[in-house]
Each structure stands twice: as C-alpha cells, then as structure tokens.
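Participant: For the record, the sequence lines run as chains A and B. For the first sequence, my numbering begins at 214 and goes up steadily by one. For the second sequence, my numbering begins at 214 and goes up steadily by one.
Since the hints were derived computationally from the structure, they do not count as laboratory data. Wrong hints could be hidden among the right ones.
As the list claims (entries may be wrong) - List time: in silico DSBU-like cross-link candidates among lysine-lysine, alpha-carbon distance up to 30 Å: (1) Lys-603(B) <-> Lys-303(A); (2) Lys-297(A) <-> Lys-240(A); (3) Lys-603(A) <-> Lys-603(B).
Quick caveat, the model's predicted, so the values are computed rather than measured.
One-letter residues, chain by chain:
There are 2 protein chains.
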Amino acid sequence: MKLLSFLVSILGLLAVCKATTYEYNIKTFNVLLDHFTFADNATFPIRYLMNDSYVTDKRSPIMFYTGNEGDIELFAQNTGFVWKAGIQLKAMIVFAEHRYYGKSLPFGNESYKDPQHLGYLTSEQALADFADLLEHLNPDRLRPVICFGGSYGGMLSAWMRMKYPHLVVGALASSAPVRQFTDVVPCDIFNRILTSVFRVAIENSPCVDNIKKLWPVLKNFSSTEEGRKYLSNEFKFCKPYNKTEDYDTFYAYLMDVFGNLAMANYPYEANFLAPLPAFPVRQFCGQLDKNFDKNEELLTAFNNALQVYSNYTQKTKCLDISSAYDESMGSLGWDFQACTEMVMPMCTTGSTDMFVPKKWDFAEYSTDCFKKFKVYPRERAAICQYGAFKFDMLSNVIFSNGLLDPWSGGGVLRTQSDAVTVVILPEGAHHLDLREDNKADPASIKATRTYYLKTFREWVDTYNN
Amino acid sequence: MKLLSFLVSILGLLAVCKATTYEYNIKTFNVLLDHFTFADNATFPIRYLMNDSYVTDKRSPIMFYTGNEGDIELFAQNTGFVWKAGIQLKAMIVFAEHRYYGKSLPFGNESYKDPQHLGYLTSEQALADFADLLEHLNPDRLRPVICFGGSYGGMLSAWMRMKYPHLVVGALASSAPVRQFTDVVPCDIFNRILTSVFRVAIENSPCVDNIKKLWPVLKNFSSTEEGRKYLSNEFKFCKPYNKTEDYDTFYAYLMDVFGNLAMANYPYEANFLAPLPAFPVRQFCGQLDKNFDKNEELLTAFNNALQVYSNYTQKTKCLDISSAYDESMGSLGWDFQACTEMVMPMCTTGSTDMFVPKKWDFAEYSTDCFKKFKVYPRERAAICQYGAFKFDMLSNVIFSNGLLDPWSGGGVLRTQSDAVTVVILPEGAHHLDLREDNKADPASIKATRTYYLKTFREWVDTYNN
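Okay, chain A solo, but in the shape it has when bound (with noise of 0.2 Å):
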C-alpha cells in the first residue's frame, strides 16, 4: 500500500508537469480603476496570457478565458478543455486575469489596505476590462470570441455575454453559481448536495454519521485545556491550538476542506484546490468507514481522513488551519466580493448536512463584513445587476452543472430558450468539463466535449457568414 501511494503521488506529479507544458506569453494591458466615471483617470495594468500560434487567418476566433478569483496561471493550468478547443478551432488563445488577484494589482501591496483601495474590485469593472482587452486583442470584430470560465470566472463568462453581447458571440458557464443570491435557492442547498457527495461516496458507509458525531467531540476536546493537548498532539497544528474558540477556526476551515474535496472529486489525481488523489471523497470516507468506540479512535480516523486533504503530498509538517486555500487563490478579495456584490446566503440545518444547524444572518453577516473590511455588503447588488431567476432571455451560453458539484444547487439547471443551453453531468465536480482529457474522465464528460466543439463551431461560422 505504501508504494502504491508512492507511485501514485510520482504519477500526481508526473501529471502536474505535464500540465505546465501550455504555453503562452504573459502580457499586460492597461484598464481603468473606474470605468464608468470621468472624475478620475487612473489605470493599472492587468495580465493576461496570450497563445496565437494556432491562428490561421484574421478571422480565427478568440477563446477568452474570464479570469477569476486567483493567479490567472493556476486557471490557464487547470482549463485543459479551453486550450483543447482553441487547438481545434485555430484560435487565438487568451486567459484574462481578474483585477486584484495574481499579479493584476491597482495598487500594487497596497491594493487589499481599506475600501478607498479595495472598492474597486468588483464584477462590473471585470467585465469592463475584459470589454476593452477584447476591443484591443479584436478591434475590428472580425474574429468571434468564446468566453469561458469556472466557476465564479463562469458567471462572469455568462454576464460577458449578456452585458457584452457585441463583443462575444457566446459563453460556456461551467458550474456557475448565477442563481446562489439571496431568495431564490434555498441557503441550505450547498451544503445539503455536499453532504449527499459524501453519502453516495461510499456505499452503505458511515461516513457522514461519522462527521456528524465528530462536531461535538472536537468542541467538548476544544473546551478544556486537556482536550486542546489532545487535539494538538493529534493534528499537529501549526500555530497554538490553546484557547476554546480555536475550535470555530478549525470548524470554518472544515467547512472549507469539506467543500473543497466535493469541488474537487475528480476522478483522477488532480492539482486544483490542493493536490488531491482521484476521488478525493471515497479516499476521504475511506478512513471513516466504520463505526468507533472512542471519541479518541474517531479523532485519529479523522485526522487520515484530513491527510487526504492537507498532506496527500506527503511533504506537510503541521497543519495550518488559518485557511483551506492554496495562496495562488485569493481568498481574500472573494471575501471582500462576498462582503459586497456577491452576497451568497449560506446556512446549516443538521439535519439535512452533516454539519452544525446554522441559520443565515444577514445583519450578523453584515457586521462581520464591516469588521473585515469596512464596508457593508449590497445584498441584491448581483441581483440586480445580473438578475438570477432566469436566464431564458440570453442567447449562446451553455451552462453546465455536475450533481457532484455542491455548487450546482445555484446553477441554471432548466431552461425553456432554445437559445440558452442548460447541460448536467451526472458524475461531474466542480468545472470538470473545462479540465483536460483524462482517460478517467466518465463517458458523460467526453460527450459533453464534442458537443460543446460542435455548438463552437456553429457559434464561429454563423458570425462569419
């Protein structure tokens, strides 16, 4: 067993090489702070990461990455499907990065210091950099763009086509969370499929009841000074895990890992949210899969279980629970989005997920936002801007959702437009689809592909004739 996860973890990295081999130059392009005032001038430069050496004529199309909330290059590595068809269809090939993360800093280290720097980070001026980098890269219109985009990098591949329509000819949203706002899906819904993802992982297993029972255990152990040693010497945490809210810092960052392994269930090894092996779940679910005795005997079956998340590289010496994040995602400027327009509602039932009854609070939300950063969130800003009921009145965009993805409760999951593409993938993760082929890959995920070449293809020769 042991040099079988030694071969594994070769192969892992094996397979992180190789996807370093996409090539492209690294560019930058001036954009305005604030697009849509004459009060002030000031720009900065943001990246983006730029592939025409499969262009053929001047009416190539454009694949056009929406960057979103990290280093433009971990996406440019983790979108196999965008370089698949910009190969395919002779495109110039072009990954924006999002303003505030990576290195497209307004303000260089000063960006994230109050809201008179941070305010303008923003979905709206995204998209107006992304408007005026297309009229660059295209000024005479004459090549069709595609947007794509994961994710939050989806909605705003989805809002480039219905705010833009002139600038692009259609989108690919995969596991876009355009409908998770305030009142019209349920706060619960992500944590209900997360908790389900963990259910089917492993047949008939224990699993869920077993992180059920593991919440009042880690907080009764995080309550005494005793317990806190336990836990310490067991998980070996990096910082001091000496006071009882410790506990509230290692329940949020669960929360996120318990996420993350569901975003990130892809059915190979994988280098997206963290290095993870294939099927990160059932891994995960592997070390929880009886009943325990001992309080202590579910805490160190926990802490293997963990290890799939935290350490599958066998290289961590502690565990740092400060954030579930790799730093190239910018976790960071998604709270300060979340804290503005992006007001996504959250909650916990304890009965339908496995985690502790929680209700959504806006106005405890609110004040936690202002601590943070000084602002207070728009609570229907993205509503409004965007809308999120329906979506039948765009034309050209493909939404696409895996039932394994916890965020497909906030997809666009029906549509009654024939102009508006609604696909679910039964076996799917997060954006599985944008990701390289994979010999892995379920047979859904490689018709899916092909489908979306074809739907280009027509996109592309109905805008050149």
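Since the structure of chain A is provided, determine the placement of chain B on it from the hints.
Facilitator: Showing chain B alone in chain A's frame:
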C-alpha cells in the same frame, strides 16, 4: 394674416395647456453616486414621475420612460404615446429623470463644478439608477417592464434591454442614434439628411441655396464694425455683437437652430425644443423661397425665417444666440457627455450639405473638451460598452426612425433578426411616433402606434404566461 397668426398662436397655447393635463406624482429615489465601486457609498435622490391610477392588478405592466438630457417633466409632456400605451395596457406609468438633469443633481448647484463632481454623469450610471429604481418599483418582478425613450432616451431604452434583460421585457427606441459613433457612420450623415429636409420642404425652392449664400455674407458683415452694427440692428441680439468672432457664436447657434427645426418638424404646432408652428421647416423656407438681389435683402428674409424658431410666441424681445435650447433641456450636461463617452463625430462638406465645410478632427475636439470641462473624451467608450455596428443579437427591441429626422442616419435602419424590429417612418421627424395622437399625424404614424400596442401586448402576455 396677422389675425390668423394670432389665432394660431392662441391655439398653440391651448395645445400646450392641454399637454399639461398628463397627471403624475413627483417622487424621488435614492441612488448611489457610483454604482460600480465600494470605495464610496454616497447617494443622492433622482426624481421620477409616476401615475399608477390605471393599474388593475399585481401583474399590470410598467411603462418606463428612460429619461434623457433634460427636465423629466418636459419629456412627460412631449411623449403622449407612453400615456396612451399606459392607459390601454392598464399599466403603471413612470418617467425617470436622468442624473444631472432637471432636479436630479447629485451635488446641487455644485454638480457641474468640475470633473470630480460632474464625472459621475455617464450613461452606465444612469442605467444603473434606472435598474435600481425598477427593482424598487417591481421587487417581485411580477410586472413586465417596457422601456421607452426618444433620441438619447431611446438609446438608453435599447441599452436598458441590452444590459438589463432580466428587468426589462422590451424597449421602444425611437430616433435613437445608437450608431452615431466613430467609424460606424459617415460624419457628414447628420448634416446631409438635415439639408435634404430643407431641400424637400418646398418643391423647387431656392431655400437651401439661400442658406448656403448666407454664410459668406454673415461672415463678411461680421468682419467690420459697420457690418456688425447692421447685423445688430437687423437681428436685435440680446448681447453686444461687436467682435469678428461673434460670427462663430452666431454660426454655432444657427447650426443648432437648423438641427432643431428639422428634429421638431412635426405636422402640427408643438413646444418641444422651442415653441414652433406646424411644419416649421416649411415655414422657415417659406421666407427664403425666392432669389435675393442684395445681401441686405437676404439678411432680412433670413431674419424673418429665423423668427419661426426664435420668436414664434411673438414675445421674444431680442435674439439670444448663446444657446438654441430651452433651459429645460440640459445642453451643458449633454455637452459634457459628448465630451466624455458620447463622442459623435460630426462634419460638414459644403457639397452634400448647406454648411461651411469643416472636417471632423478628434484631436481638436479633444482639446476643446479639455478646455471646457477639464476632461478628455474616451473616443470609443460607447462603442465598447454598447456596440454600434449591429444590434441583431438583442431581442424585443423596436428601433424606429423618421426619414425626416437628421438623427436617422445614426439609427438602426436594418436588421436580420426576427427579435429586433426596425420601423422606418418616411414622414417622421425626431421621435414623432412617441408623441400624443394628433389629427395631423400621417397615416404611417397611426398604423405604427397600433403596431406598437399590439407588440407590447404580446411581450406582456409572453411574460405573464
């Protein structure tokens, strides 16, 4: 003749009084100064006019006029068709004032002080104001919303459907020059059409030739003290006309007058850009319908013609050439918009039109804008934000244009989409179709209004089912 003229004048005043019987409540609604940043949360109230007395149930539609560059009450008085549609469709009728016009001033008297105050006068911000207002008026979105607008207001109504298709089921964009941007239509198109309106006003008339002859005469007279005295005596300027350069002011004023005469060339007396008789261009040319041997005769005849525009009420004591616009039109605000994102290239050739040749020179225009407002125009901003070439990707938008309207050259005159309707009104001046019914309306206008109402009912029924 004098008596007739007096009677016509009285009837005109009656017509004006009748128009004021449109009933509404004046309300205000707080909007964000900058919708697209969280660096600042300043708000201010915009005005809107509302009549909900025709509403029968919670699904009754909203007829929403997207206010343009002027006091919203002016548009409410001059857009009778919205009232007619509202009554027939049992709708809520709303006229929303555009920020920085009328009484919707973000900084009161200081709103126009400098770019730091005036810089938030942009179309995107105005659309976001309207979107927020619609969310406020229609929080459950049970009411289908139809947008209306004429001229720049028509551009806004089309763009409203483009950018906020989830809030607006359809739009009637009347005489909306959405294509009047750089490199989209020829810069002389406006003045070419304008000239043809004067050319066809009276069959085989020397009117246009007389106007062409006027310019060198005016310039010559303006270049000497004696000449300026003559002109002052003839035209009775309000302010001293005592410098050679006063000719430039006079010329600019007359260019606006010609444009306004053509725009408001309605088949009946009206008070839109100025109090004017029926067919004012014909009235104007009627004074120039012969050849003049002497320059002085030409000047006197021209002054008589000019009275049609400047003194139809017979109450004007002197000629104010500082502006051709009624003060309820926000011409300074529009100048700012034209100097920022609404860059509409204009030129004259002297051959295809009746004016003094002047090329479009963006660099010069830019310099003038900076002198006037301390801002530089963003030449392609509107094209990038809204497109300008094709509008076939929209749906439920009616673009109407009168061929007697100089702005029609920048309008949408063809479509390849079933979802976008183009209406050409051969006898129509500037958004004649939006005005109230009048016995003098040409048959094409009557038929068109019937068609609009039928289309609106279809939009509403589709939305409600």
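Participant: Does each hint fit the structure? Answer for all of them.
Facilitator: Structure-based check of all given hints:
no.: 1; hint: Lys-603(B) <-> Lys-303(A); verdict: holds, 25 Å
no.: 2; hint: Lys-297(A) <-> Lys-240(A); verdict: holds, 21 Å
no.: 3; hint: Lys-603(A) <-> Lys-603(B); verdict: holds, 25 Å
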